[in-house]
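Novice: This is what each chain is made of:
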Amino acid sequence: DAKTTQPTSMDCAEGRAANLPCNHSTISGNEYVYWYRQIHSQGPQYIIHGLKNNETNEMASLIITEDRKSSTLILPHATLRDTAVYYCIVRPHTGRRALTFGSGTRLQVQP
Amino acid sequence: NAGVTQTPKFQVLKTGQSMTLQCAQDMNHEYMSWYRQDPGMGLRLIHYSVGAGITDQGEVPNGYNVSRSTTEDFPLRLLSAAPSQTSVYFCASSYFSGVAGNTIYFGEGSWLTVV
Chain A
1 DAKTTQPTSM DCAEGRAANL PCNHSTISGN EYVYWYRQIH SQGPQYIIHG
51 LKNNETNEMA SLIITEDRKS STLILPHATL RDTAVYYCIV RPHTGRRALT
101 FGSGTRLQVQ P
Chain B
112 NAGVTQTPKF QVLKTGQSMT LQCAQDMNHE YMSWYRQDPG MGLRLIHYSV
162 GAGITDQGEV PNGYNVSRST TEDFPLRLLS AAPSQTSVYF CASSYFSGVA
212 GNTIYFGEGS WLTVV
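Which chain is which? The protein sequence lines are A and B, in order. Going by the working numbering, the letters in the first sequence line up with residues 1 to 111, in that order. Going by the working numbering, the letters in the second sequence line up with residues 112 to 226, in that order.
Label-pair restraints from in silico Cβ distances:
1) B:164 to A:110: 44 to 52 Å
2) A:15 to B:121: 32 to 40 Å
3) A:79 to B:121: 25 to 33 Å
4) A:30 to B:170: 19 to 27 Å
If you are wondering where the hints come from, they were derived from the structure by calculation, not from laboratory data. Bear in mind that the values here come from a model prediction, so they are computed numbers and not experimental data. From the three backbone atoms N, C-alpha and C, an ideal C-beta is built for every residue, glycine too.
Same shape as in the complex, but just chain A:
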């Protein structure tokens, strides 16, 4: 899986948008960007994934730059329950199934 770089930690005010960046400058053409999060003491939770178009679901939006070398996960209205470690993972859509987790970004939503 391509290497990703994320900030170690971020703060966000409750009710505001949380924008989590991820750099993946070595991404290959067949690799997707996946986002997972891990709330304290729980199993990782899938959030969203995308290839080159922006994606949105009920949890978040994913913005991928045109050159695909970076992306941003957006939580539009952060709540205290969004406090977690967020992992950006780049990998093919098929094939090897195991996930390689980096250090992620620890998001702290402040009241």
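Knowing the structure of chain A, use the given hints to seat chain B on it.
Specialist: Quick look at chain B alone, frame taken from chain A:
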């Protein structure tokens, strides 16, 4: 649809004891895997399976055995527990074929302490 179910949630073992962590999924996923997560660290892959009867080693397989006799179940066996195996263990599953994508679903974790 219960997703991925792990048991037990908490377990304390003495050094040298053996035990099995159970994992079951009801999503008919071909791919199942076990990870361990040490405090403040990311997840590391222990063993995985791409279907019934097929298993393979991950990043940190030593001290663990797995088997996959059915699609639904993927137990993890600790042969002779050591304090270094104190960790949180996560089971995960996903489809293997490309149509359904590469989204992996995790269980809630099993906290194991070896004293």
